[in-house]
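Trainee: Protein chains in written order, with this note's numbering: chain Z, 1 to 251; chain V, 252 to 861; chain L, 862 to 944; chain U, 945 to 1027.
Keep in mind the hints are simulated off the structure, nothing from the lab. Positions of the beta carbon are idealized from the N, C-alpha and C atoms, including for glycine. Incorrect hints may have been included.
To be verified - Label pairs and their calculated CB-CB ranges: (1) V:Pro716 - U:Gly974: 48 to 54 Å; (2) Z:Gly191 - V:Leu673: 40 to 46 Å; (3) L:Leu927 - V:Leu680: 31 to 37 Å; (4) V:Ala598 - Z:Lys174: 42 to 48 Å; (5) V:Cys694 - Z:Gly191: 45 to 51 Å; (6) L:Leu927 - Z:Thr175: 30 to 36 Å; (7) U:Met945 - L:Val942: 21 to 27 Å; (8) V:Asn285 - L:Leu927: 46 to 52 Å; (9) Z:Gly191 - L:Leu890: 51 to 57 Å; (10) U:Glu997 - Z:Asn97: 31 to 37 Å; (11) V:Glu279 - U:Leu959: 49 to 55 Å; (12) U:Asp1018 - V:Gly472: 33 to 39 Å; (13) Z:Leu130 - V:Ala851: 34 to 40 Å.
To be verified - Here are the simulated DSS-like pairs of lysine-lysine, each with C-alpha atoms no more than 25 Å apart in a straight line: (14) L:Lys902 - L:Lys872; (15) V:Lys336 - Z:Lys131; (16) V:Lys529 - V:Lys605; (17) V:Lys317 - V:Lys283; (18) V:Lys529 - V:Lys471; (19) U:Lys985 - L:Lys872; (20) V:Lys320 - V:Lys335; (21) U:Lys985 - L:Lys902; (22) L:Lys902 - U:Lys964; (23) U:Lys964 - Z:Lys131.
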Amino acid sequence: MSSEFPLIGDFSPAPGAALSGARIGVVTFPGTLDDRDAARAVRLAGAEPVALWHADESLQDVDAVILPGGFSYGDYLRAGAIARFAPMMSKIIDAANSDAKLPVLGICNGFQILTESHLLPGSMIKNDHLKFICRDQVLRVENNATAWTSQYATGQEISIVLKNQDGQYIADEKTLDALEAEGRVAFRYVGWNPNGSRRDIAGISNEAGNVVGLMPHPEHAVEAGYGPDHTGTDGLGIFTSVLTTLVGGTK
Amino acid sequence: MTAEAHKFNIDTVEHAATTPDTELPWAELGLKQNEFEEIVKLLGRRPTAAELAMYSVMWSEHCSYKSSKNHLRQFGEKVTEEMKKDMLVGIGENAGVTNLGDGWAVTFKIESHNSPSFVEPYQGAATGIGGIVRDIISMGARPVAVMDPLRFGAIDHPDTARVMHGAVAGIGGYGNSLGLPNIGGEMVFDSVYQGNPLVNALAVGVMRHEDIRLANASGKGNKVVLFGARTGGDGIGGASVLASESFDDSKPSKRPAVQVGDPFAEKVLIECCLELFKGSLVEGIQDLGAAGISCATSELASNGDGGMQVELTSVLLRDPTLTPGEILMSESQERMMAVVSPENVAAFEAVMEKWAVEYSWLGEVTDTGRLIITWNGETIVDVDPRTVAHEGPVYDRPYARPEWQDALQADTFRASEAGAGLPATGGELKAAVLELMASPNMCDKSWITNQYDRYVGGNTALSAPDDAGVIRVDEETGLGVALSTDANGRYSFLDPYTGAQLALAEAYRNVATAGAVPMAVSDCLNFGSPEDPDVMWQLAESIRGLSDACMELGVPVTGGNVSLYNQTGSTPIHPSPVVAVLGKLDDVARRTPSGWRNDADGQAIYLLGT
Amino acid sequence: MPRIVVDVMPKPEILDPQGKAIVGALPRLGFDAFAGVRQGKRFELTVEGEITEAVLEQARNAAETLLSNPVIEDVVNVEVVAD
Amino acid sequence: MPRIVVDVMPKPEILDPQGKAIVGALPRLGFDAFAGVRQGKRFELTVEGEITEAVLEQARNAAETLLSNPVIEDVVNVEVVAD
Ligand SMILES: Nc1ncnc2c1ncn2[C@@H]1O[C@H](COP(=O)(O)OP(=O)(O)O)[C@@H](O)[C@H]1O
Chain Z
1 MSSEFPLIGD
11 FSPAPGAALS
21 GARIGVVTFP
31 GTLDDRDAAR
41 AVRLAGAEPV
51 ALWHADESLQ
61 DVDAVILPGG
71 FSYGDYLRAG
81 AIARFAPMMS
91 KIIDAANSDA
101 KLPVLGICNG
111 FQILTESHLL
121 PGSMIKNDHL
131 KFICRDQVLR
141 VENNATAWTS
151 QYATGQEISI
161 VLKNQDGQYI
171 ADEKTLDALE
181 AEGRVAFRYV
191 GWNPNGSRRD
201 IAGISNEAGN
211 VVGLMPHPEH
221 AVEAGYGPDH
231 TGTDGLGIFT
241 SVLTTLVGGT
251 K
Chain V
252 MTAEAHKFNI
262 DTVEHAATTP
272 DTELPWAELG
282 LKQNEFEEIV
292 KLLGRRPTAA
302 ELAMYSVMWS
312 EHCSYKSSKN
322 HLRQFGEKVT
332 EEMKKDMLVG
342 IGENAGVTNL
352 GDGWAVTFKI
362 ESHNSPSFVE
372 PYQGAATGIG
382 GIVRDIISMG
392 ARPVAVMDPL
402 RFGAIDHPDT
412 ARVMHGAVAG
422 IGGYGNSLGL
432 PNIGGEMVFD
442 SVYQGNPLVN
452 ALAVGVMRHE
462 DIRLANASGK
472 GNKVVLFGAR
482 TGGDGIGGAS
492 VLASESFDDS
502 KPSKRPAVQV
512 GDPFAEKVLI
522 ECCLELFKGS
532 LVEGIQDLGA
542 AGISCATSEL
552 ASNGDGGMQV
562 ELTSVLLRDP
572 TLTPGEILMS
582 ESQERMMAVV
592 SPENVAAFEA
602 VMEKWAVEYS
612 WLGEVTDTGR
622 LIITWNGETI
632 VDVDPRTVAH
642 EGPVYDRPYA
652 RPEWQDALQA
662 DTFRASEAGA
672 GLPATGGELK
682 AAVLELMASP
692 NMCDKSWITN
702 QYDRYVGGNT
712 ALSAPDDAGV
722 IRVDEETGLG
732 VALSTDANGR
742 YSFLDPYTGA
752 QLALAEAYRN
762 VATAGAVPMA
772 VSDCLNFGSP
782 EDPDVMWQLA
792 ESIRGLSDAC
802 MELGVPVTGG
812 NVSLYNQTGS
822 TPIHPSPVVA
832 VLGKLDDVAR
842 RTPSGWRNDA
852 DGQAIYLLGT
Chain L
862 MPRIVVDVMP
872 KPEILDPQGK
882 AIVGALPRLG
892 FDAFAGVRQG
902 KRFELTVEGE
912 ITEAVLEQAR
922 NAAETLLSNP
932 VIEDVVNVEV
942 VAD
Chain U
945 MPRIVVDVMP
955 KPEILDPQGK
965 AIVGALPRLG
975 FDAFAGVRQG
985 KRFELTVEGE
995 ITEAVLEQAR
1005 NAAETLLSNP
1015 VIEDVVNVEV
1025 VAD
């Protein structure tokens, strides 16, 4: 394979990228699908994507980590259940809980891995209609005080891509009440709840706000022509948000 | 001899030579008397059980194209130099390869998985996607998209829901898990497909020119390796006579008639193969589809320059009771076979370990010109691989225009005669349009396409409900491809020659209206029994029509698939040549979506054509 | 309330991708005692009132027709469980 | 070969979408005896050799850590089955 032309979505930082100098890890598990897409989004946001392999134990000094979407281990047993035990996950769990509060974003299967890892509360079960669903989905940003949402306004509506089979977010009432009370609901579905998620929750954060998980896919809405309705780029804000967080700024 | 060697009553070549009169179940395995006699002539003795297994699957209609070969030649003959100029690999390999320029190449192919999808719709359709994707990987390409032309029985028939929902879920379940966007397809309901749904699947892949790989085993001393899933009894349920290799009365153990797909295993296999290609670690590679190891060993060997020696006990098994013949015939999914030079063995193994893919070394390439397969060192197959893979029987089946064709064509609808039924007022016209739009074959397909991931990969520039799917190949230049599949069984039934041409014309138009230059054609010819002269005529006419039209439009056929015996009892399906056209866009940013645009207020509408 | 439990397993000769993935994961977690895993389904049917032979017969029928796919699965158990 | 069976069911308070779909389908097929259905998982773990208490303990641990997610599921059964 020649290296001068990236094969479709290969990880190679675009020339002149990484202006911020930020390095963002994108983890690949066996069965991960959207790792190239997440790396592209990182690049378009101006940072450098760093490929992290599930079986390795070094975080390679990255400044933040993305657990991308897909079907790790085929989603067999439960979505995210087997991937959660990868060596790389132990490192990520430690780094996310450490004083440094490594920013971690879980998208779709990544969100499922985060709940299985107990970095985020609750769990995901099959969509209420039992089918895989792929559609353009409107979300409301409920909290822009997390590491991954600072570039949005609270209450802002964005349109990104939703695609999942096990996307119904559930938690017990106490947990749901606490999430709402603490402002940890990061995103809600607007207009239609596509999978039966409790209280229309599409994404949540941990207490510190450095760990965020969401079911829909912001990385599929970063380039005009390849996202919702052939034009949408609303997802880019997630990736620029973390860069802002890393340089210590806010909007 | 070890106990292992005695696990079965092994029918060795030596044994076969001394027992010429042993009764063999060639008829049960689907061979005709003349075919069996031909095998005996080729070998100069009766075949062993294992050889019989290999010949029977490789000489089946499905693998040998024995009824269609004489007609399919036209695809190779009716081509001009101009049509060949971008064809890097033509018909005959796993899939054809077309030059896209800038060092890029694209490969695509369409195949059927019709009867497995009727028996078990979810798994049948899922493994259909799996199989076509492996064809694309084995060319050295990264698969980038899939499509699924589907045909089911009447929408209100009680069995249609079972088949249709199962097949759609299976295509989604497998394709979505592979990370391949589904960029288009078809959905047709017609009672002719009631007992014979058509589940066709297309995959497209891209590669750099230097990454093109072919299925051949050359270089004496190079190692032969089987990797991916373990071999089970899948797909040999119908050939249970082989369960007792000595053909005595011992009871065959249970063999599944259906295959269950493991999309996760296939996704890992894709990444693992791409890593092998990147490191130039394989000399030749072949996917295992129908006819499994029989097909892979005989094709690799006969496309190479020598022979091959394989020890069959080295195959990793899921079911330890499989006999040698069954191992050779098994259709277990998610397996690949490769030829690796000795200096790359360690690097090859490192890639397998990284992806946790199981593998086993089976043997090596030789210069004997023979394919020799042993079982614990005893020879059970000793054949010229070309006689298995390429020089099977070819039939000139009789065909004739059916007697009923004239009556069928004469049965037309004339507005003047049936005038009373035509809409006369604006209101009636509106009602007629609404009725048409709500008919099963015209209405919205988003209930299907919403179950398919169209975004994964981030390169989908057009997908449903557009006329063609468009995929970006090069992120820097915007170079991309457009694809459409079409067929109309009713047109083809009325006139197979013109019907096939119309299918091509429609797919060609869909690609052109998306803004692409049509470049290549792949086709899946779904027909009834070739032993019926009416059906054989439909097949012959369709191929003649399609090849003439390809010549006329200047687009070559680079590959495809023939699916025969699609019939219930003696009633065949309508002739259904599904045609896929691939086109090129220099910059996918210039693609044209179909449908009115929101910002198009005040723009003029033109109707082009006659 | 008494329930009827229906157990459905993939046929032994059929590939079970889920079981295969679990077998691969177990040793990584230090569980080294298991040679194989197969994953099937367990259904619990609740009944209002008494579980008569007729109800049990319905459960057996439902197990064969709706709860399992006879092409790839076996119903291995239909029994009444009290608690 | 003796096996260890592990049964995992969705927690009672969690709505089970698959069970719900089955409850809806049963009466359409003429099965009217059932008030509710829940769908869980049944794992069969095979062991080479004898099933000792230590092996059974591993199975219990695997059931709690990998085979079930305590947020949504309960392990309802871990037992040895001979056949
Ligand atoms: N089985 C299918 N899989 C994927 N896409 C499909 C399928 N059936 C239809 N489509 C897509 O839905 C859209 C509408 O299909 P159709 O009504 O057949 O279009 P047309 O009549 O313009 O050919 C097209 O984009 C087509 O590719």
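Trainee: All hints, please: hold or fail.
Mentor: Structure-based check of each hint:
Between Pro716 of chain V and Gly974 of chain U the beta carbon distance is about 39 Å. The supplied range of 48 to 54 Å is therefore violated. Checking the proposed 40 to 46 Å range against Gly191 of chain Z and Leu673 of chain V shows it holds: the Cβ atoms sit about 42 Å from each other. For Leu927 of chain L paired with Leu680 of chain V, a C-beta distance near 46 Å fails the hint of 31 to 37 Å. Roughly 54 Å separates the CB atoms of Ala598 of chain V and Lys174 of chain Z, a value that falls outside the hinted 42 to 48 Å.
Judged by the Cβ atoms, the range 45 to 51 Å given for Cys694 of chain V and Gly191 of chain Z is violated: they are separated by roughly 24 Å. In this structure, Leu927 of chain L and Thr175 of chain Z meet the distance hint of 30 to 36 Å, their C-beta atoms being roughly 34 Å apart. Between Met945 of chain U and Val942 of chain L the C-beta distance comes to about 25 Å, which sits within the given range of 21 to 27 Å. The beta-carbon spacing between Asn285 of chain V and Leu927 of chain L, approximately 48 Å, falls within the hinted interval of 46 to 52 Å.
Checked against the hint of 51 to 57 Å, the C-beta distance between Gly191 of chain Z and Leu890 of chain L comes to roughly 42 Å, which is inconsistent with it. At about 36 Å, the CB distance of Glu997 of chain U to Asn97 of chain Z agrees with the hint of 31 to 37 Å. With their beta carbons about 52 Å apart, Glu279 of chain V and Leu959 of chain U fall inside the hinted range of 49 to 55 Å. With their beta carbons about 59 Å apart, Asp1018 of chain U and Gly472 of chain V fall outside the hinted range of 33 to 39 Å.
Between Leu130 of chain Z and Ala851 of chain V, the C-beta spacing of about 38 Å keeps the proposed range 34 to 40 Å intact. Straight-line distance between C-alpha atoms of Lys902 of chain L and Lys872 of chain L comes to about 12 Å, which keeps the hinted pair within the 25 Å bound. Proximity of Lys336 of chain V to Lys131 of chain Z is assessed by CA-CA distance (about 45 Å); at most 25 Å being required, the pair is judged violated. Between the alpha carbons of Lys529 of chain V and Lys605 of chain V the distance comes to roughly 15 Å, so the proposed pair stays at or under 25 Å and holds.
Straight-line distance between C-alpha atoms of Lys317 of chain V and Lys283 of chain V comes to about 12 Å, which keeps the hinted pair within the 25 Å bound. This hinted pair checks out: Lys529 of chain V and Lys471 of chain V have alpha carbons roughly 23 Å apart, not beyond 25 Å. Our distance criterion of 25 Å between C-alpha atoms is met by Lys985 of chain U and Lys872 of chain L, whose separation comes to about 15 Å. Taking the CA atoms of Lys320 of chain V and Lys335 of chain V, the gap is about 21 Å. The hint holds against a cut of 25 Å.
Straight-line distance between C-alpha atoms of Lys985 of chain U and Lys902 of chain L comes to about 4 Å, which keeps the hinted pair within the 25 Å bound. Taken as a hint, the Lys902 of chain L and Lys964 of chain U pair is honoured in the structure, with Cα atoms around 15 Å apart against an allowance of 25 Å. At roughly 14 Å between alpha-carbon atoms, Lys964 of chain U and Lys131 of chain Z fall within 25 Å of each other, so this suggested pair holds.
Of the numbered hints given earlier, the model fails hints 1, 3, 4, 5, 9, 12 and 15; all others are met.
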